[in-house]
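Enquirer: Sequence:
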Amino acid sequence: MNDAFDFTIVDSILDSHDCQKQAIIAILQEIQEHYHYLPREVFPYLSRKLGISEARIYSVATFYENFSLEPKGKYVLKVCDGTACHVRRSIPILQRLRSDLGLSETKKTTDDLMFTVETVSCLGACGLAPVLTINDVVHPAMVPDKASALLKEIKAKEMKEAEKNA
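So in my numbering, the last spot in the sequence shown is 181, and the numbers never skip.
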């Protein structure tokens with residue numbers, strides 16, 4: 016266990032669920048919501064607190080596609096590649112985002128943990144295809160130039176925020 020890891024957030028999440036092992040999915044969801052992924056340090060800790068084996072917790076975390084064991088960026092961009100989006104050219108959008116951010120098929124998150132780019136099978140917004148979501152906000156009728164413009168907006172907002180806090 017990593018002694019530097021602060022379990023205060025995890026403890027408050029566990030307390031809100033009365034440390035009930037039946038709530039493991041909700042507990043993992045809330046942990047991921049806070050950290051943007053499931054840190055490895057939480058598995059042995061949850062095991063002790065909930066009385067569930069680490070293997071069982073890990074199997075839940077790896078069974079559901081929504082959980083991530085890798086750190087994700089502050090902004091998670093999901094490019095739909097379902098049939099409707101694919102035929103309306105979602106792949107060039109994905110390629111542009113990866114190019115703009117220096118990412119690839121294997122490297123999905125920027126080093127500064129600001130952006131993660133993923134593909135999804137379907138976002139359920141076929142009539143708006145091609146679709147991109149940023150932190151679950153839908154951006155319809157996307158094209159590569161619009162995707163780049165959205166990135167620029169986010170980066171400008173982050174720079175302004177950083178200057179304000181400096």
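In short, the hints are calculated from the structure, not lab data.
One should not assume that every hint holds.
[Claimed, not checked] Taking lysine to any residue pairs in the SDA-like style, the calculated list, with each CA pair at most 20 Å apart, reads: (1) K161 - D126; (2) K123 - I169; (3) K93 - H32; (4) K161 - T121; (5) K87 - C141; (6) K122 - C141; (7) K123 - L143; (8) K93 - C34; (9) K167 - H101; (10) K170 - S114; (11) K170 - Y90; (12) K89 - K123; (13) K123 - V135; (14) K64 - Y90; (15) K89 - C141; (16) K122 - P54; (17) K122 - V91; (18) K89 - Y52; (19) K122 - Y90; (20) K89 - R55; (21) K89 - E176; (22) K170 - C141.
[Stated by the list, open to error] Ranges between beta-carbon positions, derived for each pair: (23) S163 - A70: 29 to 37 Å; (24) T121 - E48: 24 to 32 Å; (25) D160 - H101: 30 to 38 Å; (26) T125 - H101: 35 to 43 Å; (27) T121 - S163: 20 to 28 Å; (28) G142 - R71: 34 to 42 Å; (29) R71 - M174: 41 to 49 Å.
Keep in mind it's a predicted model, so treat the numbers as computed, not measured.
The C-beta atom is built at its ideal place from N, Cα and C for all residues, glycine as well.
Enquirer: For every hint, state whether the structure bears it out.
Expert: To see whether the hints hold, each was checked on the structure:
no.	hint	verdict
1	K161 - D126	23 Å, violated
2	K123 - I169	18 Å, holds
3	K93 - H32	30 Å, violated
4	K161 - T121	24 Å, violated
5	K87 - C141	26 Å, violated
6	K122 - C141	27 Å, violated
7	K123 - L143	25 Å, violated
8	K93 - C34	33 Å, violated
9	K167 - H101	24 Å, violated
10	K170 - S114	15 Å, holds
11	K170 - Y90	10 Å, holds
12	K89 - K123	13 Å, holds
13	K123 - V135	13 Å, holds
14	K64 - Y90	31 Å, violated
15	K89 - C141	26 Å, violated
16	K122 - P54	18 Å, holds
17	K122 - V91	13 Å, holds
18	K89 - Y52	11 Å, holds
19	K122 - Y90	15 Å, holds
20	K89 - R55	19 Å, holds
21	K89 - E176	14 Å, holds
22	K170 - C141	28 Å, violated
23	S163 - A70: 29 to 37 Å	43 Å, violated
24	T121 - E48: 24 to 32 Å	25 Å, holds
25	D160 - H101: 30 to 38 Å	19 Å, violated
26	T125 - H101: 35 to 43 Å	25 Å, violated
27	T121 - S163: 20 to 28 Å	22 Å, holds
28	G142 - R71: 34 to 42 Å	41 Å, holds
29	R71 - M174: 41 to 49 Å	44 Å, holds
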